[in-house]
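Let's have the full structure, built from the sequences with the hints guiding it.
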Amino acid sequence: MFPKNAWYVACTPDEVADKPLGRTICNEAIVFYRGHEGKIAAVEDFCPHRGAPLSLGFVRDGELVCGYHGLVMGCDGHTQSMPGQRVRGFPCNKVYAVEERYGFIWVWPGEAAQADPELIPHLEWAVSPQWAYGGGLYHINCDYRLMIDNLMDLTHETYVHASSIGQKEIDEAPVSTKVEGEMVVTSRYMENIMAPPFWRAALRGNGLADDVPVDRWQICRFTPPSHVLIEVGVAHAGNGGYEADARFKASSIVVDFITPETDTSIWYFWGMARNFKPGDQQLTDTIREGQGKIFAEDLEMLERQQQNLLRHPERNLLKLNIDAGGVQSRKIIDRWLAAEQSALIATDKVAAGQV
Amino acid sequence: MFPKNAWYVACTPDEVADKPLGRTICNEAIVFYRGHEGKIAAVEDFCPHRGAPLSLGFVRDGELVCGYHGLVMGCDGHTQSMPGQRVRGFPCNKVYAVEERYGFIWVWPGEAAQADPELIPHLEWAVSPQWAYGGGLYHINCDYRLMIDNLMDLTHETYVHASSIGQKEIDEAPVSTKVEGEMVVTSRYMENIMAPPFWRAALRGNGLADDVPVDRWQICRFTPPSHVLIEVGVAHAGNGGYEADARFKASSIVVDFITPETDTSIWYFWGMARNFKPGDQQLTDTIREGQGKIFAEDLEMLERQQQNLLRHPERNLLKLNIDAGGVQSRKIIDRWLAAEQSALIATDKVAAGQV
Amino acid sequence: MFPKNAWYVACTPDEVADKPLGRTICNEAIVFYRGHEGKIAAVEDFCPHRGAPLSLGFVRDGELVCGYHGLVMGCDGHTQSMPGQRVRGFPCNKVYAVEERYGFIWVWPGEAAQADPELIPHLEWAVSPQWAYGGGLYHINCDYRLMIDNLMDLTHETYVHASSIGQKEIDEAPVSTKVEGEMVVTSRYMENIMAPPFWRAALRGNGLADDVPVDRWQICRFTPPSHVLIEVGVAHAGNGGYEADARFKASSIVVDFITPETDTSIWYFWGMARNFKPGDQQLTDTIREGQGKIFAEDLEMLERQQQNLLRHPERNLLKLNIDAGGVQSRKIIDRWLAAEQSALIATDKVAAGQV
Numbered sequence: 186m187f188p189k190n191a192w193y194v195a196c197t198p199d200e201v202a203d204k205p206l207g208r209t210i211c212n213e214a215i216v217f218y219r220g221h222e223g224k225i226a227a228v229e230d231f232c233p234h235r236g237a238p239l240s241l242g243f244v245r246d247g248e249l250v251c252g253y254h255g256l257v258m259g260c261d262g263h264t265q266s267m268p269g270q271r272v273r274g275f276p277c278n279k280v281y282a283v284e285e286r287y288g289f290i291w292v293w294p295g296e297a298a299q300a301d302p303e304l305i306p307h308l309e310w311a312v313s314p315q316w317a318y319g320g321g322l323y324h325i326n327c328d329y330r331l332m333i334d335n336l337m338d339l340t341h342e343t344y345v346h347a348s349s350i351g352q353k354e355i356d357e358a359p360v361s362t363k364v365e366g367e368m369v370v371t372s373r374y375m376e377n378i379m380a381p382p383f384w385r386a387a388l389r390g391n392g393l394a395d396d397v398p399v400d401r402w403q404i405c406r407f408t409p410p411s412h413v414l415i416e417v418g419v420a421h422a423g424n425g426g427y428e429a430d431a432r433f434k435a436s437s438i439v440v441d442f443i444t445p446e447t448d449t450s451i452w453y454f455w456g457m458a459r460n461f462k463p464g465d466q467q468l469t470d471t472i473r474e475g476q477g478k479i480f481a482e483d484l485e486m487l488e489r490q491q492q493n494l495l496r497h498p499e500r501n502l503l504k505l506n507i508d509a510g511g512v513q514s515r516k517i518i519d520r521w522l523a524a525e526q527s528a529l530i531a532t533d534k535v536a537a538g539q540v
Numbered sequence: 186m187f188p189k190n191a192w193y194v195a196c197t198p199d200e201v202a203d204k205p206l207g208r209t210i211c212n213e214a215i216v217f218y219r220g221h222e223g224k225i226a227a228v229e230d231f232c233p234h235r236g237a238p239l240s241l242g243f244v245r246d247g248e249l250v251c252g253y254h255g256l257v258m259g260c261d262g263h264t265q266s267m268p269g270q271r272v273r274g275f276p277c278n279k280v281y282a283v284e285e286r287y288g289f290i291w292v293w294p295g296e297a298a299q300a301d302p303e304l305i306p307h308l309e310w311a312v313s314p315q316w317a318y319g320g321g322l323y324h325i326n327c328d329y330r331l332m333i334d335n336l337m338d339l340t341h342e343t344y345v346h347a348s349s350i351g352q353k354e355i356d357e358a359p360v361s362t363k364v365e366g367e368m369v370v371t372s373r374y375m376e377n378i379m380a381p382p383f384w385r386a387a388l389r390g391n392g393l394a395d396d397v398p399v400d401r402w403q404i405c406r407f408t409p410p411s412h413v414l415i416e417v418g419v420a421h422a423g424n425g426g427y428e429a430d431a432r433f434k435a436s437s438i439v440v441d442f443i444t445p446e447t448d449t450s451i452w453y454f455w456g457m458a459r460n461f462k463p464g465d466q467q468l469t470d471t472i473r474e475g476q477g478k479i480f481a482e483d484l485e486m487l488e489r490q491q492q493n494l495l496r497h498p499e500r501n502l503l504k505l506n507i508d509a510g511g512v513q514s515r516k517i518i519d520r521w522l523a524a525e526q527s528a529l530i531a532t533d534k535v536a537a538g539q540v
Numbered sequence: 186m187f188p189k190n191a192w193y194v195a196c197t198p199d200e201v202a203d204k205p206l207g208r209t210i211c212n213e214a215i216v217f218y219r220g221h222e223g224k225i226a227a228v229e230d231f232c233p234h235r236g237a238p239l240s241l242g243f244v245r246d247g248e249l250v251c252g253y254h255g256l257v258m259g260c261d262g263h264t265q266s267m268p269g270q271r272v273r274g275f276p277c278n279k280v281y282a283v284e285e286r287y288g289f290i291w292v293w294p295g296e297a298a299q300a301d302p303e304l305i306p307h308l309e310w311a312v313s314p315q316w317a318y319g320g321g322l323y324h325i326n327c328d329y330r331l332m333i334d335n336l337m338d339l340t341h342e343t344y345v346h347a348s349s350i351g352q353k354e355i356d357e358a359p360v361s362t363k364v365e366g367e368m369v370v371t372s373r374y375m376e377n378i379m380a381p382p383f384w385r386a387a388l389r390g391n392g393l394a395d396d397v398p399v400d401r402w403q404i405c406r407f408t409p410p411s412h413v414l415i416e417v418g419v420a421h422a423g424n425g426g427y428e429a430d431a432r433f434k435a436s437s438i439v440v441d442f443i444t445p446e447t448d449t450s451i452w453y454f455w456g457m458a459r460n461f462k463p464g465d466q467q468l469t470d471t472i473r474e475g476q477g478k479i480f481a482e483d484l485e486m487l488e489r490q491q492q493n494l495l496r497h498p499e500r501n502l503l504k505l506n507i508d509a510g511g512v513q514s515r516k517i518i519d520r521w522l523a524a525e526q527s528a529l530i531a532t533d534k535v536a537a538g539q540v
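Protein chains in written order, with my numbering: chain A, 186 to 540; chain B, 186 to 540; chain C, 186 to 540.
Keep in mind the hints are simulated off the structure, nothing from the lab.
Please note that the accuracy of each hint is not assured.
To give an idea of the interface, some chain B residues facing chain C are shown, with a C-beta separation under 8 Å as derived from the structure [what the hints assert, rightly or not]:
#1 L304
#2 D356
#3 I507
As the structure is a prediction and not an experimental result, all values here were calculated from the model.
Ideal Cβ placement from N, Cα and C applies to all residues, glycine included.
What follows is the structure in structure tokens.
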């Protein structure tokens with residue numbers, strides 16, 4: 186259960202650099218490739234000739250060629266040509282709205298006609314030279330909402346990431362959740378604590394002492410369908426915490442684009458954007474490597490949680506205060522799903538001539 | 186189809202030495218761990234907060250801590266605490282009766298209230314200093330009753346274990362099966378034969394000549410739900426066979442605790458107890474290694490037999506005289522299953538106010 | 186959906202040289218072994234005693250011995266003996282008609298009574314000393330008809346085998362398909378072209394220049410249930426092409442026996458028969474190795490095509506002129522299936538006393 190009329194991150198440019206990429210998104214098997222003038226394109230990954238996956242083919246002069254018998258598919262879903270054939274009557278492939286922006290390729294797995302590129306959220310850190318970004322991709326066998334829950338309740342850091350970003354004070358600090366239109370914000374502030382290893386390294390990376398008390402913050406922002414951006418950071422204590430001057434702090438934005446593959450699997454695009462030393466590529470690499478290890482710690486937990494839930498469909502889970510971020514996020518998703526369902530029924534009625 | 190109100194071997198102490206152990210037994214997902222004062226505990230492997238497996242957590246001061254968000258589960262199934270939460274109203278986890286005895290941890294996957302530790306069979310070889318024991322654990326994808334059949338009809342040794350304990354004379358010796366209350370005993374005696382390789386080594390291990398005729402015996406004892414203990418041995422011929430003085434023989438008890446995981450998979454605890462040279466740890470290791478190789482020969486046969494049976498549900502298997510041990514054992518199991526079913530219906534009627 | 190009353194290639198002699206072979210063919214689990222005087226035999230792979238696969242056993246004096254408890258199965262499906270048992274009343278195993286011919290073992294998975302060895306197609310290349318043959322076996326997860334389609338439309342060579350036997354001219358040459366009784370023949374002739382790498386090597390292997398224009402031909406012959414033999418070759422241009430004298434050409438027969446394992450998997454026996462330098466074993470090996478690599482290129486395509494089709498059962502595939510070979514072959518298969526179905530209904534009616 187995921188909204189299909191929404192922008193999801195589908196892949197990164199390097200994944201389509203050399204050849205077409207076949208990827209299932211929201212249960213749709215899609216082939217992504219660079220078409221004319223390098224413009225990204227996305228069509229159903231199914232050759233209308235004999236059903237071969239078009240993603241096993243190649244791109245020639247901006248057109249996708251089926252690797253089985255050479256059918257040439259256009260980015261509009263129409264077969265352009267096929268050796269020795271007239272293709273005018275060939276059935277059309279579904280076409281997906283797709284946009285390349287902010288270093289990602291975004292796809293709208295639902296009705297392409299409804300896809301407005303302006304609905305892709307603005308990501309300042311992706312366009313400003315004052316920011317650097319590094320990230321990666323994990324495939325995880327869990328419902329995308331379990332990952333949203335995970336990210337909207339960072340008390341799990343104390344347990345899952347005990348040796349890096351976790352610390353007892355997260356557990357103990359009160360959490361506040363509010364809904365602002367279609368955004369859910371969960372925040373937690375800790376004052377006058379010692380930074381955990383990951384943040385000590387970040388302080389050092391920014392030329393700051395790592396052995397003095399700090400203020401620490403976590404501000405998680407969910408926006409539908411499934412994006413979670415988290416402002417995180419530490420500042421030498423007594424300088425205003427989150428509001429402290431840049432001289433006193435190390436901070437960043439944890440980036441989480443959670444793309445459903447199927448009902449119980451996701452493509453998880455994770456990364457970190459920082460606005461200190463943006464030109465330091467080695468620091469970017471170090472942070473990405475560290476984050477990759479930390480975020481890998483969630484995989485087993487999420488997959489085993491998913492299996493447990495499938496095994497016990499009758500059990501109701503608790504919704505505690507710490508879960509408010511996930512609970513509110515799911516409410517927004519549910520509203521989107523209901524709206525999509527209503528629109529579908531209305532469309533069907535129109536099609537049936539009932540209105 | 187297995188009795189749930191019965192004691193099964195769940196694991197060995199080394200498996201819970203460092204961290205909790207998640208294991209499915211009779212279709213119940215259970216976490217085993219050492220609670221207060223090292224006492225073994227077993228609760229449902231499901232965190233009441235968000236469904237994470239508790240077995241991914243850790244033990245702190247005798248309590249099981251969920252590795253996701255720190256919920257503290259008590260060995261009574263009640264949540265003890267959780268950072269920042271009042272836990273009184275949290276739903277309870279199922280608790281399993283569990284006992285540590287004879288070097289094994291035993292679990293009662295059914296109603297804990299009915300679990301009487303006195304029902305665990307007495308194992309003299311496990312407590313007497315005159316005996317030594319070594320064993321191991323295999324996971325096998327077959328119905329637990331196929332393993333009972335296997336062990337209650339040792340003619341398979343001639344074929345499956347031809348190079349170690351098998352010999353043509355097993356096939357040829359008559360077999361006798363009798364039922365004594367809830368125990369099934371199948372026995373076979375062979376006189377004046379040459380010992381096969383495994384028993385030649387055992388004779389040598391006990392300081393006896395291995396190149397002279399021996400009498401050999403196999404006395405298999407099934408007790409429900411699924412324990413099979415087999416007295417096996419050889420004695421220099423003409424000294425009374427099974428009744429011979431210890432000076433003339435090498436004998437032992439093959440130990441088989443067969444614990445259903447699911448309807449078509451088992452945890453198979455195998456081992457050998459011997460009452461000669463009990464202090465010789467190297468001999469224990471050598472025997473365990475040898476037995477481990479021999480018993481591994483059954484795995485493919487049992488798993489492929491299971492697949493064949495699932496594929497041909499319409500085929501009736503033969504019940505020959507050699508199968509009497511397994512057939513009688515299944516009858517006792519069936520009685521237990523029927524009794525459990527009746528009790529369940531009676532309980533339901535009481536609950537429904539019909540009696 | 187495959188005809189069961191038909192001869193399929195089951196295995197090659199080397200596969201039953203040392204021990205019985207268990208193989209599923211047309212959803213029938215069969216054990217193949219060499220019985221009395223080395224004569225090939227095939228019975229249901231299920232021991233009537235306890236359901237063990239007989240293929241885990243061994244052959245003793247021309248009889249198949251079950252590896253679990255020593256039941257001796259005859260090639261007529263009757264249990265011959267079992268240690269300590271009277272076997273007269275044991276249920277019979279299904280027996281399969283089986284023939285060793287042309288270097289293959291052929292099986293008739295349907296009614297053995299209908300199996301006429303004369304229906305096995307004559308393979309001149311397998312018996313004539315003027316021919317040499319080399320081949321191999323692949324297991325592929327696809328409907329056997331997808332492989333027939335593949336082989337009856339060689340335009341795929343241009344794409345799937347671009348670096349070896351493919352070339353643009355295949356695509357461009359007109360294809361002709363005709364049905365001759367129960368044989369479908371699809372042929373394509375290309376004139377005055379440069380040979381692709383595989384054929385250049387074949388020309389050299391036959392002592393001919395490889396850098397001159399050639400005529401090339403492909404004549405695919407399907408016969409039911411699922412055999413495809415393809416005459417392929419090149420001749421120095423201007424010598425009559427397919428009809429050219431042997432001095433000017435390199436040619437061979439691509440051999441494809443496609444045996445359904447299940448509805449969506451096959452045993453694919455591929456090979457090449459050639460009538461030049463038949464005594465050159467090293468050339469045979471080189472060709473087999475080359476062909477093996479080329480034919481392995483089809484595997485991913487066929488398996489992914491199969492998955493795509495299972496995912497989109499509602500999509501109708503196109504039937505273009507290039508697909509005529511496969512389409513006509515499927516028509517013949519459909520007729521066989523219908524005939525088999527009618528015979529089955531008639532048999533049932535007879536059995537029910539309605540006629």
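Verification of the supplied hints:
Annotation: interface hint on L304(B) violated; nearest CB of chain C at approximately 31 Å, more than 8 Å. Here the hint on D356(B) is kept, as its CB sits about 4 Å from the closest CB of chain C, short of 8 Å. Annotation: interface hint on I507(B) holds; nearest CB of chain C at approximately 7 Å, less than 8 Å.
The structure fails hint 1 only (numbered hints given earlier).
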